[in-house]
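Enquirer: Chains as they are written, first to last, in this note's numbering: chain E, 1 to 815; chain G, 1001 to 1416; chain D, 2001 to 2165.
Check the hints yourself; a few may be wrong.
Simulated coverage check for chain G against chain D, where a stretch passes if three residues somewhere in it have a Cβ under 8 angstroms from a Cβ of chain D [as the list claims (entries may be wrong)]:
(1) 1083 to 1094
(2) 1124 to 1131
(3) 1160 to 1172
(4) 1235 to 1245
(5) 1333 to 1343
Derived from the structure by calculation, the hints contain no laboratory data. Note that the structure is a prediction, hence the values are computed from the model and not measured. C-beta: ideal position from N, C-alpha, C; glycine also.
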Amino acid sequence: MAKQVTLTIDGKQVTVPEGTLVADAAKMAGIDIPVFCHHPKLEPVGMCRMCLVEIGRPVRDRATGQFVMENGAPKIQFMPKLETACTNKVEEGMVVLTRSQKAVEGQKGTIEFLLTSHPLDCPICDKGGECPLQNLTVAYGPGKSRFLYDEKMHLDKQVPLGELIWLDRERCIQCARCIRFQNEIAGDPVIGFDERGRATQIVSFSDPGFDSVFSGNTTDICPVGALTTSDFRFGARPWELQAHASICTQCPVGCNTTLNTRREAKSGGRIVVKRVMPRQNEDVNEIWICDKGRFAYHYTEGKQRLTRPMIRKDGKLTRASWDAATKLAAENFQKAKKNFVILASGRLSNEDLFNLKSLAEHADGKAYIYSHMGGGELTSLVGVGEGTNFGSMGAGTTIVVVASDLYEEAPVWYLRIKQAAARGANLIVMNARETKLDRYASFTVRYAYGDEVKAVSDLAKKGKIGDTFLKSENAVILYGSDGLGVSGSAALASACAKLLHDNGFTGRPNNGLIGVWGRANDQGAWEMGFEVEEDLAKAFKGKTVYIAGADPVADDPKLAKALEGAEFVAVQDVMTTATTEIADVVLPAQAFTEREGTLTSGERRVQRFYPAVPVTGEAKADFAITSQIARHMGIVLEGTSVSAVFDILAASVKSFEGLTYARLAEVRPQWPIVGRSDLYYGGTTYENTQGMGAQLSAAAGRGEKVSIPKVEKEALVRPKEKELLAVPVTKLYDRGTTILPSELLHERIGEAKVILHPETAKSLGVEEDQKVSVSFNGVNGEAAVKLTDTISVGVALIPRSMGLAIREPVAVKVK
Amino acid sequence: MAHILLRHRDIPDIHKLEVYKKNGGFAAFQNAVTRMKPNEVTEVVKNSGLRGRGGAGFPTGMKWSFIDNKNWPHYVVANADESEPGTFKDREIMESNPFQFLEGVAIASYAVGANAAYVYLRGEFWQIAAFLDEKIAEMEAAGYLGKNLFGTDYSLKIYTHLGAGAYICGEETAMLESIEGKRGQPRVRPPFPPSYGLYGKPTIVNNVETLTNVPLILANGAEWYKSMGTADSAGVKIFSLSGRVRKPGNYELPFGTTFRELIYTYGGGVQDSRKVKAIMPAGASSSLILVDDEKVLDTPMDYASVRTLGADLGSASVIVIDDTVSMDWLINKTVHFFRHESCGKCTPCREGTYWMSHLTERIHEGRATRADVDLLLNVAKQMQGKCLCALGEFSTMAVVTGIERFRQDFDKVVKA
Amino acid sequence: MSLAEKYPKEVKQILAKYPPEHKRSAVMPLLYLAQREEGYITKAAMQDIARMLDISETDVASIVGFYTLYHDKKEGKYRMQVCTDLPCALRGADEFLDNLCANLGIKVGETTPDGVITLEAVMCLAACDKAPVFQTQGPDGIKYHENMTVDKTMELIEALRKSSA
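Chain E with its partners taken away, still in its complex shape:
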């Protein structure tokens, strides 16, 4: 623990760790020092001069180094000038006056200066009501300005920095929080200041503008209404909004969010989500979320939502009652006996998955997870467990990222691992191509696609890299599916698990295996005992299939064909999909915004989400639908209360043992202090009042004997002449069903692409942006060529869910 320092602030004795800034020390002691440029997550810059205070330091005797005493107390010498509380570190015996006449005048002066250039448009400003400048003006300002209104500088008020973020130049107070966030935290220095003096303005020269997946965070920490999102600007006033705790369902990070809702006329009098905001969880996402999490929620409110159960009659889907629909499903499931197959995705909650898995077990069917990645059973054995937190990783910890482009697949993990590396963690990035995380790596390992397992197996033997890995106190490995299909990733997981297990990096906090899954609750599905099936087409053929939260028909023509040949198909989803179109029975599910439940993140943290808006139509929660079907089959599954399902789950799934639904709602004090009434401090991020979740134990952590099954590596695909090796990669913004309905993101999603090395393109005679035909394994499609020299020659990268159904490495023809 850091050395403690005691000082006095406004007469109050405060003890804080050495190195704490005066502004933060005051905050910890409940004393507010107003700030604008200061943000506890950013390096201090002392620019805005808002936090001016008087600082006195004890006088020391030059010879002895002891305090000089005066009237029985150390003699304090005050500096002649006011000082900034945000740049001065605490010192033993320091005396700080934040409300002395001199300090108050200094603070008043800064507010007056800031307002000389600030417009008087609070009544139409999006930030009004949660605006630090507004709040601090009321609390610390001079009340009126002596500046002539006519002499105000007028500047552009609607400047798009990109299509997602807008700048109002007049409102900007040049605190640089946004620029510093992008530089220091996101590592995307794509916005900056142009010009200087009063003409200083924020600009972005990237293409596309403000090219960062973290851009929305700048609107949260902007202390004025200068930066707003295209999604929310002019959308609502902050005081009209209700706040509901939620969990982001877009990736395995499990960012804590707050859904802001209001009832509004333009939505037909319905209560709707107006924006998604980060909710503080320093163990998960701190106070950040990525833009996908912030902007992709629109699918929950789209026109394509399913509102009532349907049954196919005379070849057409027609409206049915819940009873009729579930009965029809139940009859067919029962009839199928061993030919009953459940396919569920990680979009569902733990409770939904648990009921589905229970149904499969009772009915003698199979339960498959819809995933392009394998190896999940190993994360239950040697996965990370209780106490694991990227925020606490630094020197002594090795973080290995293999076959994953974290910036695209799990942005907040990228951000937090980058920060861990900055604190001294040993970051090893292994991939067949360059990824953004390479920049922060201590070591990068480049292998050829197909050599993933070998690269991992050899890691410990690899000279300096191996030494640093073996000498680490802790090690985590994040493995993904960059260039890999189900069996490839399963083999990789096994190699990673073995490496960790053999070297004692399991069963302790900050040790173990993490899967970079495609969906938010894939980890949950693995914990429930779902399996992955590589050849789903075969698994569907002639079977009775119950699909929940997945759209295989749109994803893959082969699966579409297989389902045509299925005996019976029941589909349960939030919205109309290509798969619901071919279903025999369609069961409308509630969106995560409409219900409660829990999700298990990739770090194996179980977290609760809460209902924010009323249910759409007759939709029901997935677990309840499954329960209703089960009842018709004579199987009893809890179907009324999520917490009851959770209790049953916790009693039956070993890794959940000891968890209760209530415990997931517990919170503890976090630093920095955010939210509350003084929004100026951490921005408009929400304080966590509804739960920080709990981490599961892993078998290795429970002291169980663990043996890592060896997974045979598949034979490498060998492209023939005139063929390339095509591998699947993941893009943050793809054409997936939970993203595409958000029109705002369409520019970033773009079209189907095939990514080639310039030399490959040259030998094929194709150019950048050219439309080419791509064919592999019976798939024929079109895609635009994109060139990069960060990949190998002879390889074609094909992004998943962008229109070309690639599931594993294949030989491809590009023309």
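Fit chains G and D to the known structure of chain E by using the hints.
Expert: What follows is chains G and D alone, placed relative to chain E:
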């Protein structure tokens, strides 16, 4: 008296390496590198009483002794940004006596253990930078720069770096940011450059004139240097004389020379034989010295004496203002300069200079009232002591002293 | 054509001045190089420099915007930058500039119709004892012109016009 800094005025062609060498050039550097320990060099400079000539007057040897020897590598940066209105001394040194300056850079580098030094020139000194590059190349060819100098293991490279039009880069931390390829905005101090400087490494930043003193101090000893000037201001100083004088220019004189001597003996007196109304001893950043009494002109120009007049000697860029000039016009000029040069980083300077410029314009154009003058004074004072660096503070000096010491000039132009 | 292709020697020299891990330092000299021919810095040049130094294009643009000697728009071939700061103004710089404007028939900030001269008022040039003074910023770098008169200036402008024709 022979010049110490402007030696080209006595020795023709001293900008040629052979001539410089013949006049004792590089002997001090060679002696230091081959016979002295770095801290002994620092000690001599400390004892000489040399103070920084850039404006702040900080003791040079003491600054060198602050270099953090636990953190390496070290750098030396020569501040040749010379942008203060009224200052044009460093330019003459570099144009005409370049080797003495570069030898000073070299000695400073040896004293603080730097193997690389940068000369940061303002962008307008494009030609001077090219000239210095030639001189540096000549020194390299002659074995005064480069690897293993004089057969020791000490190596040194000197590089020029051109600014591009930003007064603020004369502020040492803004200059470091600029060399790092960033916007020239000042850093929060502390930490100071001797512990956290260029690329985060210990760095000594010294003004051109300061460094140009060093070779002769080393050659002739600290006592020799101290024998010139006054007790608190040792040695000689180049006074850049400008404004309403007959013979503006650089005059190298011992500290303690009076304003009268500078203006009348050297500067040939005031144009059109007008009366001196005010003096700005430190360029546009200066307080305005009120010359309401002839005796003021007899004040010796050293750090302590000038302070008694309510001003600082600073860079000794003496701008003479005669009685044809009205102060409302003058501060309108200076405020516009600072508004243009404010980097925009801190609020009081960015907003304050903008606000002040509106007020000085309004006053100068006769659109203001007495209350506006009071407001201007108040705004300037509201900025004081609050800014991130000295630029903001400097912008208020002429305003405050102009209004307080020459109020009648303002009363004349305001509306009733 | 990239800067490195166009000026291989200069680029190499510039990069050699700074520690390789701090090559960002080279941004200012490289911007001068990029500005040499056209008198302003194109977006393509900024991209080129950003790539060369491994920094963002926004970082480069933000440097261009901060320093007054970099330009991102095409103006006259020569920028004639007259100092009108206090010491020069005390020695007649304002009148000099007014007369020059009248002679050229343009206002401060404007360019002569033949595109040769853009007239600008600038801050102190460190030549206060040699006012009126201006610098010309053009393809051959920056040059000082001291103790100027309007007549001498018009002669210079004629010479610049002839060499530009």
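Enquirer: Each hint should be assessed against the structure and marked as holding or not.
Expert: For each hint, the structure was consulted:
no. : hint         : in the structure
1   : 1083 to 1094 : holds (count 8)
2   : 1124 to 1131 : holds (count 5)
3   : 1160 to 1172 : holds (count 7)
4   : 1235 to 1245 : holds (count 5)
5   : 1333 to 1343 : holds (count 6)
The structure is consistent with each of the numbered hints, conforming to all of them.
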